[in-house]
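Asker: The task is simple: from the sequences and hints, build the whole structure.
The sequence shown begins at 409 in the working numbering and counts up by one.
Be careful, since some hints might not be right.
What the hints assert, rightly or not - Below, in silico cross-link-like pairs of lysine-lysine (DSS-like), each with a Cα-Cα straight-line distance of 30 Å or less: (1) K474 to K421; (2) K443 to K491; (3) K474 to K491.
If you are wondering where the hints come from, they were derived from the structure by calculation, not from laboratory data.
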Amino acid sequence: MDPIIELAGRLGKAITESPQAARLRQARKGLDEHKDLVQLLKDYQAQAEKTDRLEQENKPIEVEDKHKLQDLRDRLVASDVFKAYTAAQVEYVDLMRQVSDAMRKELAEVEKP
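Answerer: So, in structure tokens, the structure goes:
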């Protein structure tokens with residue numbers, strides 16, 4: 409096996425075993441145990457997509473749609489389970505950003521014009 413590919417596999421395994429990934433898995437499990445919250449998240453995402461689509465098509469967004477989106481958002485952020493999930497997501501994404509930045513820094517020499 410190519411040593412670079414092997415190293416990438418080891419990096420992936422290390423990320424999977426990181427505290428950030430463990431917290432994200434645990435938070436996702438906690439979220440999944442609340443079916444009503446999972447449905448609320450799906451409803452929020454669907455409403456946000458609808459609003460985004462209307463905006464991209466330069467169509468008016470009804471006040472009712474804006475209120476519905478805000479209500480769904482308010483209900484989500486009021487949940488401690490959802491807060492824990494989003495905090496875990498932020499930590500994990502930050503780890504991935506740091507990994508990406510470290511790789512980009514090392515690759516900068518190769519990619520210089």
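Asker: None of the hints should be skipped; say for each whether it holds.
Answerer: Status of each hint after checking the structure:
no.: 1; hint: K474 to K421; result: violated, 42 Å
no.: 2; hint: K443 to K491; result: holds, 16 Å
no.: 3; hint: K474 to K491; result: holds, 22 Å
Comparing the model with each earlier hint shows a violation of hint 1 alone; every other hint is respected.
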